[in-house]
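Asks: In case you want the letters, here they are:
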Amino acid sequence: MPLSTATLPPLARAAIPARSTPYSPDLVLWDERLPGGCHWSGVIRRGHTLRLTDRDGRANVSALLISSACTSERYNMPDTLKAQHTAYLSAGCCCYSDMGRVLCSIPQDTCGWHDTVCGLLDDARLAAQYGRRTFQDARNGMYRSARSGLLIELGKWGLDERDLTPNLNLFSKVAPDAQGALRFDTAHRRPGQHVDLRFEMDTLVLLSAAPHPLDPSPTWQPGDVDLMLWRSGPAGLDDPCRLRCAENDRGLILTERHVL
Amino acid sequence: MNTPEQTDIRIVESRLDPATAVLDQTVPAGAPWMGRVLRGQTLRILDLEGNQAVDTLFYAAADPGERYSATHTIQAQGRLYLGAGSVLMTSRGRPMLTIVADTCGRHDTLGGACACESNMVRYAIEKRPMHSCRDNFMDALAHESGRYLPRALTKRDLTANINFFMNVPVTPDGGLTFADGISAPGKYVELRAEMDVVVLVSNCPQLNNPCNAYNPTPVRMLVWDGA
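These protein sequences, in sequence, are chains A and B. Just so we're aligned, residue 1 is where the first sequence starts under this note's numbering, counting upward by one. Just so we're aligned, residue 1 is where the second sequence starts under this note's numbering, counting upward by one.
Be aware that one or more of the hints could be misleading.
A few chain B residues that face chain A, going by a derived Cβ cut-off under 10 Å, partial list only [to be verified]: (1) M34; (2) A62; (3) E66; (4) N161; (5) G174.
Covered stretches of chain A (chain B as the covering partner; in silico rule of three or more C-beta atoms under 8 Å from a C-beta of chain B) [said to hold, decoys possible]: (6) 48 to 59; (7) 106 to 118; (8) 223 to 237.
Hints in this document: simulated from the structure, not taken from any laboratory. Ideal Cβ placement from N, Cα and C applies to all residues, glycine included.
Pulled out of the complex, with its shape left as it was, chain B reads as follows:
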């Protein structure tokens, strides 16, 4: 585990008790997951074994034409990284969720999701058969999305996602790297929904770079009702 030199890292712990959660599910390593979080509810994503990237997209439950937008979020906060206090914005410029607790300190929204096609470009053509986040997303779109949303999603609905627990530092001269994670076993991030949202997750199966410490592991999803 690397300790980031940056001084902007804010650690904010939560008082929520897992015993009172209304949803508590474990997502196996490399698996997709979908769920619903209603306005006022809080979603916790818990990195059970450490350094596990959780590729995440959000859709407005009422109309998936409105979705998480990395660029609106970056533009609104004038910052590249996500952390406690970040407000995740929709593609129509509305607040979607707020990060209310975070024991990791920094999350990425520039690195996107791995796909077999980008793996072939980045690593080697022999990587084509390897499992990837985009395959998880496509699988969930085909089998699950119609049960959570007014219409089933298609590839057009996929956009630049959040990578919770992933560290993609950008230098002032514009360099970008996938660095070792700054997460650890038991670290978590919590988001309060500002509207009813549907969550689409790929628990990242990438084995070609350190985003999962070369060892993809399970994560736990918990939801609490609002106070």
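For reference, chain A alone in the conformation it holds in the complex:
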């Protein structure tokens, strides 16, 4: 019989909430501002949702997702895209690890397109496009690339450039034409847009709010991001991410087998 929530043994099915929990201010655990260009990392447990909000319509958040229990298990861009037949992330998507499990799902998103194929702004591209501004020049207004910021955060957890794999670029839309040529959509972002990352596994989350590498803006003006963690519980039986496709139902069941 094909694997699905409809065919699970009663005990396994009973471990999944019947319904996903909608957001309520009563469920908030903390909030914090991630200033544009800065970096952040932390472990987020299963059953918690990180809401990221683009304050001014200028934000990009380059994100790495790594299992905190086994750091060689990490976000896998190709597996995520091919399981869901998509070239970008939006509401209803799951972010898969290389082990066929869902690190986080995206039950809600007011933005509509998040890039995951263009990689990180690095020091060379930053210098060529924006120039250089060091701490001595500008104190904490210094320019920091996403690659450097994420390498710093990885180092704090005993990880290094081997763990820099294709990342998410939240809030940024880069669409291809029929020949595959890419264009950064400068009209895509709006102030106040938010995306929810609901963690289905305990996950080390590493963030940089440096600009997207293909953002054509000639001036360094990375947008601030509000981070908020709320206690959501994991994906329920009625969840849009689970119901999106049979692949996501199987992926969430394989995740539940791993964590329950």
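Assemble the complex: chain A is given as a structure, and chain B must be docked to it using the hints.
Replies: Showing chain B alone in chain A's frame:
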């Protein structure tokens, strides 16, 4: 075989003669392969029987901390697909290899490598025992990688790979599919190494989608010295 409608396909033939190659090896269907290509040498991957995906990673021979990066490559060329003229970039933003000849026209670097875990998600849990590219990679990492590189590779060294001869079109509205191949018997791609590299290949054993036309077949690897 499908004929792509896109007009960007560039067919560039090679004048290199297999009789003068310094390496000429055939990789059986579904097998791993490792090799070394020195700066200035040219590597040809030849699709012997057609529509055979060749999952490929490259490492800097001097320091495997520097490796092929799909995202650096896409970012540098501003395009999703690989073809003649594409420069494959490293994870440190340096040119690694250049595609100097290509009779197929388009190669993928978004589709990744098949694994038993992703096969269970994509197809069915009963697919777990099937052979996969990741098993090939893990096998080569365990048995071969220490002979080619200053240190043996581990799973942390695996990243998004190239799928030579594989067709994964993305539509302008962001849809992604595994389409029938555009390759055919005798098609090839040639890469000139811009630095000393080690090549890690899985000759893809996937039987669940059309990436190998449901019939995995051998490929041939040739290397020539620079002029």
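Asks: Now tell me, hint by hint, if it's right for this structure.
Replies: Here is what the structure says about each hint:
no.	hint	verdict
1	M34	violated (18 Å)
2	A62	violated (15 Å)
3	E66	holds (8 Å)
4	N161	holds (8 Å)
5	G174	holds (5 Å)
6	48 to 59	violated (count 0)
7	106 to 118	holds (count 3)
8	223 to 237	violated (count 0)
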